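Asks: The primary structure of each chain is shown beneath.
Protein chains: 2
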Amino acid sequence: MSDAPSQVTAPPAPAAPGDSEFDRDTTVRTREAGVHEVRLSPGWAIGKALNGGYLLAVLGRALRQALPHPDPFTITAHYLTATVAGPATIRTDVARSGRTVSTASAGLFQKDADGTEAERIRVLATYGDLDALSDDVRTSARPPAMPPREQCFSATDHPGGDAAVPEMGHRLDLRLDPETCGWALGAPSLRGEMRAWLALADGRDPDPLSLLMAVDALPPTGFDLGLTGWVPTVELTVHVRARPAPGPLRVAITTRNLAGGFLEEDAEIWDSADRLVAQSRQLARA
Amino acid sequence: MSDAPSQVTAPPAPAAPGDSEFDRDTTVRTREAGVHEVRLSPGWAIGKALNGGYLLAVLGRALRQALPHPDPFTITAHYLTATVAGPATIRTDVARSGRTVSTASAGLFQKDADGTEAERIRVLATYGDLDALSDDVRTSARPPAMPPREQCFSATDHPGGDAAVPEMGHRLDLRLDPETCGWALGAPSLRGEMRAWLALADGRDPDPLSLLMAVDALPPTGFDLGLTGWVPTVELTVHVRARPAPGPLRVAITTRNLAGGFLEEDAEIWDSADRLVAQSRQLARA
Numbered sequence: 001m002s003d004a005p006s007q008v009t010a011p012p013a014p015a016a017p018g019d020s021e022f023d024r025d026t027t028v029r030t031r032e033a034g035v036h037e038v039r040l041s042p043g044w045a046i047g048k049a050l051n052g053g054y055l056l057a058v059l060g061r062a063l064r065q066a067l068p069h070p071d072p073f074t075i076t077a078h079y080l081t082a083t084v085a086g087p088a089t090i091r092t093d094v095a096r097s098g099r100t101v102s103t104a105s106a107g108l109f110q111k112d113a114d115g116t117e118a119e120r121i122r123v124l125a126t127y128g129d130l131d132a133l134s135d136d137v138r139t140s141a142r143p144p145a146m147p148p149r150e151q152c153f154s155a156t157d158h159p160g161g162d163a164a165v166p167e168m169g170h171r172l173d174l175r176l177d178p179e180t181c182g183w184a185l186g187a188p189s190l191r192g193e194m195r196a197w198l199a200l201a202d203g204r205d206p207d208p209l210s211l212l213m214a215v216d217a218l219p220p221t222g223f224d225l226g227l228t229g230w231v232p233t234v235e236l237t238v239h240v241r242a243r244p245a246p247g248p249l250r251v252a253i254t255t256r257n258l259a260g261g262f263l264e265e266d267a268e269i270w271d272s273a274d275r276l277v278a279q280s281r282q283l284a285r286a
Numbered sequence: 001m002s003d004a005p006s007q008v009t010a011p012p013a014p015a016a017p018g019d020s021e022f023d024r025d026t027t028v029r030t031r032e033a034g035v036h037e038v039r040l041s042p043g044w045a046i047g048k049a050l051n052g053g054y055l056l057a058v059l060g061r062a063l064r065q066a067l068p069h070p071d072p073f074t075i076t077a078h079y080l081t082a083t084v085a086g087p088a089t090i091r092t093d094v095a096r097s098g099r100t101v102s103t104a105s106a107g108l109f110q111k112d113a114d115g116t117e118a119e120r121i122r123v124l125a126t127y128g129d130l131d132a133l134s135d136d137v138r139t140s141a142r143p144p145a146m147p148p149r150e151q152c153f154s155a156t157d158h159p160g161g162d163a164a165v166p167e168m169g170h171r172l173d174l175r176l177d178p179e180t181c182g183w184a185l186g187a188p189s190l191r192g193e194m195r196a197w198l199a200l201a202d203g204r205d206p207d208p209l210s211l212l213m214a215v216d217a218l219p220p221t222g223f224d225l226g227l228t229g230w231v232p233t234v235e236l237t238v239h240v241r242a243r244p245a246p247g248p249l250r251v252a253i254t255t256r257n258l259a260g261g262f263l264e265e266d267a268e269i270w271d272s273a274d275r276l277v278a279q280s281r282q283l284a285r286a
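So the protein lines, in turn, are chains A and B.
When the letters of the first sequence are read in order and numbered with UniProt numbering, they come out as residues 1 to 286.
When the letters of the second sequence are read in order and numbered with UniProt numbering, they come out as residues 1 to 286.
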């Protein structure tokens with residue numbers, strides 16, 4: 001074996017946490033206590049809007065810098081007005097710092113065209129330390145039944161070609177379960193389900209902050225219910241239940257109740273060790 | 001038929017919204033814009049602590065007074081420190097008032113023994129008008145399979161007698177599904193389920209505010225998992241999906257994942273017209 005050919009053909013090394021697209025695009029600079037500056041990346045857009053999960057991860061990172069505990073145990077975001085790429089200010093307000101958990105609010109603000117500051121998102125979260133939790137697991141939850149990654153559909157299989165893939169799709173290695181992508185061929189299952197294997201495109205492994213993005217990264221379950229329009233999120237709550245093991249995640253989303261023009265999306269995320277690492281629910285407009 | 005006997009034997013007329021224990025005990029006086037005074041009633045205690053659902057209803061009422069829309073579409077509470085009966089101040093902060101929905105934060109504060117003010121609960125909510133929603137319902141959710149009320153267990157059936165019934169139990173007409181109260185006889189099902197018929201004891205019909213209480217009114221699912229200790233709520237999110245029809249509610253709660261000392265409780269509330277009127281999830285400490 002010679003060195004040269006393997007050097008040429010070797011895939012790029014996976015990005016490490018701290019040195020990846022996701023980390024660069026969620027960088028938060030704390031200007032003073034409670035005031036944080038960010039530059040939101042256009043790389044996480046779906047159509048004209050930035051993805052709500054990406055924005056939640058940015059807010060989650062600001063809260064991590066404002067609180068004594070590192071991990072979001074439970075975080076809720078209310079989306080007020082559309083957030084665009086570019087500069088934004090996050091203001092954090094600590095409600096309580098306890099021994100094992102701490103709680104804070106945050107708001108993300110951008111300047112409108114006339115220079116006035118408008119609040120885009122308001123968040124409320126409780127942080128703790130996932131590594132300090134006991135190893136006790138007594139769960140009746142089981143990972144979703146899904147084909148292996150190689151048998152799932154990636155963005156490059158999209159019948160509309162690369163132009164049909166939203167910008168955020170290039171940040172992700174997303175492989176949809178064939179059973180939940182009939183909608184892309186005009187034949188939704190009408191069960192309100194969406195399942196996928198999910199990793200970051202540059203190979204960075206998941207962590208609690210990237211889970212906040214991952215719960216909102218799949219196509220809306222509305223597509224599988226035969227809805228074609230956009231499904232804007234009103235509110236999204238994520239519980240991070242364990243630190244994810246390295247490797248691709250499985251994300252399973254279900255909608256039970258579409259009524260009065262609103263629907264809920266319940267997501268579960270499973271890591272490569274078959275552990276339920278996050279649960280989320282969002283209320284969205286159909 | 002004579003009038004006199006029927007006057008003697010007639011049951012008391014059911015309380016109407018606005019004139020019931022629940023309405024009196026959630027009364028909020030707005031002192032100035034954004035500042036509201038309440039007197040929390042000891043009638044909603046479970047042990048020494050006031051019930052988190054009752055407190056959420058009080059905060060929900062303050063937010064209704066602070067916002068242009070009447071109904072909580074989605075509301076999240078983080079419980080910081082134990083709330084006791086007596087006076088409290090609620091401060092509300094409106095994030096955005098839109099045409100169809102409006103969003104605000106709120107904090108509930110009480111004075112500690114040394115006179116300093118401590119925040120007990122912080123809330124984030126989006127309100128709208130349930131009556132303005134379309135009648136469209138496309139749901140795969142089905143009401144829980146439960147025996148009729150008469151075959152369920154009420155507080156008066158408690159093997160420990162009336163003394164074992166928490167104070168809040170006297171505000172409610174709660175009838176537990178026999179399948180989910182084996183724990184009271186030392187034989188929990190270990191499935192993590194709790195189901196009950198629920199009404200207010202004085203006969204007042206449910207409304208969106210009382211649903212905020214109802215999602216947290218049953219014994220914890222932890223009892224059905226064989227846990228015996230208290231299960232304090234860290235965070236509770238409620239989606240009110242429709243205005244409930246008059247009559248008793250059915251509440252079904254499940255826990256899938258008890259891990260690392262935390263568990264989630266997912267509740268669904270169904271009204272007498274078989275409509276899913278509320279969904280909630282809470283994160284609690286085991």
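No lab work stands behind these hints, which were simulated from the structure alone.
It should be emphasised that the depicted structure is a prediction, and the values quoted were computed from it without experimental measurement.
Watch out, some of these pointers could steer you wrong.
Claimed, not checked - If the Cβ cut is set under 7 Å, some of the chain B residues that face chain A in the computed set are:
| no. | residue |
| --- | --- |
| 1 | P144 |
| 2 | L227 |
| 3 | T228 |
To be verified - One side of the interface only, derived from the structure: several residues of chain B facing chain A at Cβ under 8 Å:
| no. | residue |
| --- | --- |
| 4 | R29 |
| 5 | R31 |
| 6 | T74 |
| 7 | T156 |
| 8 | L185 |
| 9 | S189 |
| 10 | A245 |
| 11 | P246 |
| 12 | F262 |
Claimed, not checked - What follows is a list of derived Cβ distance ranges for each label pair:
| no. | chain 1 | residue 1 | chain 2 | residue 2 | range |
| --- | --- | --- | --- | --- | --- |
| 13 | B | G98 | A | D93 | 20 to 30 Å |
| 14 | B | R142 | A | D157 | 27 to 37 Å |
| 15 | B | A201 | A | R91 | 55 to 65 Å |
| 16 | B | T27 | A | D93 | 42 to 52 Å |
| 17 | A | P232 | B | A82 | 32 to 42 Å |
| 18 | B | A132 | A | S134 | 41 to 51 Å |
Note that beta-carbon positions come from the ideal geometry of N, C-alpha and C, so glycine has one too.
Asks: Now look at each hint and say whether the structure bears it out.
Replies: Structure-based check of each hint:
no., hint, in the structure
1, P144, "13 Å, violated"
2, L227, "10 Å, violated"
3, T228, "14 Å, violated"
4, R29, "24 Å, violated"
5, R31, "22 Å, violated"
6, T74, "4 Å, holds"
7, T156, "32 Å, violated"
8, L185, "21 Å, violated"
9, S189, "11 Å, violated"
10, A245, "14 Å, violated"
11, P246, "19 Å, violated"
12, F262, "7 Å, holds"
13, G98(B) with D93(A): 20 to 30 Å, "23 Å, holds"
14, R142(B) with D157(A): 27 to 37 Å, "35 Å, holds"
15, A201(B) with R91(A): 55 to 65 Å, "44 Å, violated"
16, T27(B) with D93(A): 42 to 52 Å, "28 Å, violated"
17, P232(A) with A82(B): 32 to 42 Å, "37 Å, holds"
18, A132(B) with S134(A): 41 to 51 Å, "47 Å, holds"
When the structure is compared with the earlier hints, violations turn up for hints 1, 2, 3, 4, 5, 7, 8, 9, 10, 11, 15 and 16 and for no others.
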